[in-house]
Structures are given as C-alpha cells and as structure tokens.
Amino acid sequence: MDELFAPPGTPWQRVSPRLVSQRRLILVVLWVLMTGALVGASIAVMQRTLALWIVVVSLVGLAWCLRLVGRSARSWRYAERDDDLYIAHGILFRAMVAVPYGRMQFVDVQSGPIDRMFGIATVRLHTAAPGTSAVIPGLPADEAARLRDKLTMLGEAQAAGL
Amino acid sequence: MKAPTEENFRRLSPLTPVARSGIVLIAVVGATWREIMSGEPGIVALILVGVLAAGAVYGFASWVRTKYWIEGDELRIDTGVVMRQSRRIRIDRLQGIDIVQPFLARLLGLAELKMDVASGNTDGSLAFMPVAEANDLKELLLARRDAVAAPAVETDPETGEPAPTAPPRPVVPDVLLHKLDLRTLLVSLVLSFEFFSLISASAAFVAVASLGGPAGALTGFVPVVLGLALVGFRKLSGFYRFTVSDTAAGLQVRRGLFELTSQTIALHRVQGVVITEPLLWRGQGWARLDVSVAGAQVGDSGSEVVSTTVVPVAPLGEVLRMSRHVLRQLDPAVVPISGIPDRAMWVEPLGQHFAFAGLDDHLVISRSGLFARRTHVVPHRRVQSVRVRQGPLMRRLRLADVHVDSPPGPVHVRMRLRDEQDARRLFERAVVLGRQARTSAR
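In the order they appear, the protein sequences are chains A and B.
Numbers 16 to 177, taken from my numbering, label the letters of the first sequence in order.
Numbers -11 to 430, taken from my numbering, label the letters of the second sequence in order.
Only chain A is shown next, with the shape it has when bound in the complex:
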C-alpha cells in the first residue's frame, strides 16, 4: 500500500475473509439472474448462437468481477487509536476517514440475511455530519458487538458538545 493510506501508528486490522465469500455469492446470484434473462430473451427470438456468445462473454465478465470484488472486499481495514477510529477501503476509488470517538453519536450493528449466513455484520457510525460515511462491513459478529460496545462507551466518555 502506498504512503497516503498507510496505517496511523497502530497497524491495520483486517475484516473477516468471509466478506469476500459473501460479496462473491451476491455477485454470482445477480450474474445468474442477469445472464439467465438475456439468454432466455435471445432463445425466445430464436438466436441460439447469440445466446452462446452471451454466455461466453458474461462468463469472462464474471471471472473479472469476482476478482475485483475479492480485492475490494479484502481492502476494508480499520485501526483503533486512543482518540479516534480510522477506516480505509477501496482499490480503484480509495478513501480513508478518521472519526474522533467524541463525535460519534450512534453506533449501529447491522446484519442482513446473507450476512448472517456467513456470520458477519456491518458496524455503522454516525456523527452530526451526514458526510461521515463511516462503515465497517464484514466484521465477525462478536467482533462487531465488541466494537460497538467499545465505541459507544468511548463516545459517551469523550463526548464533545456540538
């Protein structure tokens, strides 16, 4: 990783590798639906060769997207420091946010049905600014709960008035 997104003193903690599997599963399901629809449409208009081409091209596309999704999911990382939390992610579009504990107004843990299948959850932080999109997906469920409790406690302890 380059200097711009280097860890701030404390080393980066990675999220669970199960996030990769979860994201890939969702991608495959969507791919099946989309390709199925296109193939079905082209068979309906009696274009067998077109259907075949669609399958080939979209398989290549799927392989590429799977790799991209994997890299992107593995890029999520966070670092807990004394006064703030750093979260970084992204391969193509990279971003990093530093949220002071004192500015955290709520902390949510969310877990959709597919997340629950993989035993992961997403921690979401809110400050008074809507632009602070501080999200950590793919945390193992117990780690997500621990982080939420810790952040809530620190948020109250260090709360700075608006």
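In short, the hints are calculated from the structure, not lab data.
Here a beta-carbon is modelled for each residue, glycine too, at the ideal position from N, C-alpha and C.
Treat the hints with caution; some may be incorrect.
Unchecked claim - What follows is a list of derived Cβ distance ranges for each label pair:
id, chain 1, residue 1, chain 2, residue 2, range
1, B, 335, A, 26, 29 to 35 Å
2, A, 150, B, 73, 41 to 47 Å
3, B, 123, A, 160, 56 to 62 Å
4, B, 249, A, 44, 34 to 40 Å
5, B, 124, A, 150, 54 to 60 Å
Given chain A, put chain B in place with the hints provided.
Just chain B, lined up with the frame of chain A:
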C-alpha cells in the same frame, strides 16, 4: 408591568385569530362577497361562511382557554380547547427572547414573543399581544432571569445586618455591529443573476412582440418575468433595514420590510462560515457572509443546523470583520492557503485560479468557484470527521482530496487536489488539531 400570577393571569389579544388566519378570512369574504350582496347565497357560499363561523367560534374558544402567568420560577402557558396543554418554561434557562411581527399582526399593532430555551425542546412562543405589552413582558422575564442568577442577600453573622453586597450587574446595552443601507441593497439586487435574467426575458418579450410573434409565446414570458420579479422583491423585503447587533444572548439579526423578524445566534454554536463573492459583485468588491449554526436542540438525534445570512452584502473588508466576530476573534485572512499543483489541470483545467485550501492552528479553509468565489471556514473544534479520497485518475497524478466534515449546511471544507504527501500531512494535522481544540474548549 406587574407580574401575572395564577389569580391575575393574562390573556393574549382577542385579535389573535384574525392575525393568524387573516388571509383565509379575506379570501373567504372575497369569494363570497358578491353572492352575499346579491342576497342569494349559493351552496358554496353558505358552506364557506359556515366554515368561517366555525373557525371563529373555535378561535374564540381557543382565546378564552389560553392563559399565561408566572408560577415560581417558571412561565406557565395553558392552552387547548379539546386537549388541554400546559407548557412550563424555566425562566432561568431562557437564552433569548425575540419579538417578531408578521405582516398582518404588524398592521394590527400586535407582536409575537418567541422564547429560546437552552438545552431542551420546550421553545415557547406567545402569539399575539400588543407590542407594548410584549416589550414589557420581555423586560420582566429577562429581569427575572438575571435576578435568579445574582447572589442572594446575606446577613453578616456578627451584627445580624445585611452584609454589603456587590453592586448589581450592569445591564450591557446592545452594540450595533453592522447595518445594511438601502442603496447598497438595491444596487446588489440590480447586480444579480435574477435581475439580468429579468432584463433579458423582458427584452426577448419586447422583441417577439414587436416582430409580431404568436400570442402564445408572449403569454409564456409572463410567468417567467413575474417569477424573477418576485424573487427580487422577496430579497428586498427580506433584507430591508438589516441590522446585526451584539446582545447578551448572542448575535441578533433584525430585518424585514413587511414582516419584522429577528434571529439570535449563539456564538458558541457556530459550526462554520461561508464568504461568497459573486462575479457580478467583484467590480464593487462586495461579498456575503453566511453562517452555519447548530440549533438549540442538542440530543442523540443529531442537531438541526440553520443557515443564517449575517451580512447580505457589504465590502469584503466589512465581511471579514464580521466573520472574525462570528468566529470569536479567529481570523480567516491570516490562514496560509496554497493552490493546486500544475499536474492537477488534467482533472480540473482552470483549477489554478480558484482551488485553494489551507489550515492553521485554529481554522481550516477551502476556496473554490470560478464565478461565485466561495471561501469555507471551519474552526478545528467544530470538525466532525476528516476524510481523504483518491480516484484512479488522481492516483496516476499523485493527487488526493481531503474533506473536513461539518453538520449539514452551507459550509463544507473540501481541500481538493492536494499533492499526495501534503494530503496525508494535512489529514493528520487536521486530526491532531481537532483533538486539541476539542479538549481545550471544555
């Protein structure tokens, strides 16, 4: 004015229902006048008059039920015809009291008393009462509030006589900070985008009409012209006699031609300021100052942030002076700002001219905009979070953006297209300075 008590409670003015719903009254009367005068009221007229009568009865009942008095250290307001409601406002928690006169109320000589309470959502308002009474009540409440804050008289333990007390706190008069004169306001309205659009639309209208264009095209111009004229007129009536004063409760902004409004800004709740220099005003050297203020409701559900124009139009020097006052003596003009590197022109071709940013120990600043140059200023102690972003093109050019997040409002500091290494340093520095500012402000 004698303080109202439970036995001597006071009522609001009986003209209150008229002032509140005057427009409706006029509309209904206007709609049914002909029918009533001709002596043959139709069904619609009867229904409207019936509704009006019901409204009048409800208004009267509501007036009878509304009472206010001072109970102990609270102002108690009882209202409600069907659902009784008793609201209590703690006098010692009053942050500010504003007297507001909406248009119709002003014609009737009435005013509304708006009370701003610190840390709570029991903001109260008493509408409407005669102006003189409103002023007296305001004096009374503020005197009570200040009396509660003053120490009680103590007795000297040896002699048993009242000990000499400190002299009473002097009443600090309001200081006028800024006034907008009519000439500047009018010239600024002329030098605005809306006015130029109005002129061009009118010119086009005249051209089409004189060339014998179809009548339909002509009627299409009318709403455009009216709309633009309305915008200009609203600005004129909104900023007429605009003054900013320093009061004990904060900065008070009073303005209005038809509707006199006043807003009080508590300086410790200011989140940031924006100084806007529109292109059309550059010739005169004028600018505008908007301030982002967090509302009185501090709670878990976030805050309401209000954007207030503290200086609608004034020379840049005056705007900077007022911004220093709003930021409690922090000076945006001394913050060192830098432009963007040459290679950034691949992303933002004209960026050298308008993209600047920088920070010092107290403030973060970013400036952008080719036509309307906007300078966003946020003090470190008001920063919510700091972000750095980099897209693929920017990565090739070794550039990054650093954003400083504030509560929703007109202020957003975006330090764009910084060199990569500078970006990381700015990011870290903003984080450190934010922490220091938060802990020292306590």
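Results of checking the hints against the structure:
no.	hint	result
1	B:335 <-> A:26: 29 to 35 Å	holds, 32 Å
2	A:150 <-> B:73: 41 to 47 Å	holds, 42 Å
3	B:123 <-> A:160: 56 to 62 Å	holds, 58 Å
4	B:249 <-> A:44: 34 to 40 Å	violated, 56 Å
5	B:124 <-> A:150: 54 to 60 Å	holds, 55 Å
Going through the hint list in order, the structure does not satisfy hint 4, though it satisfies all others.
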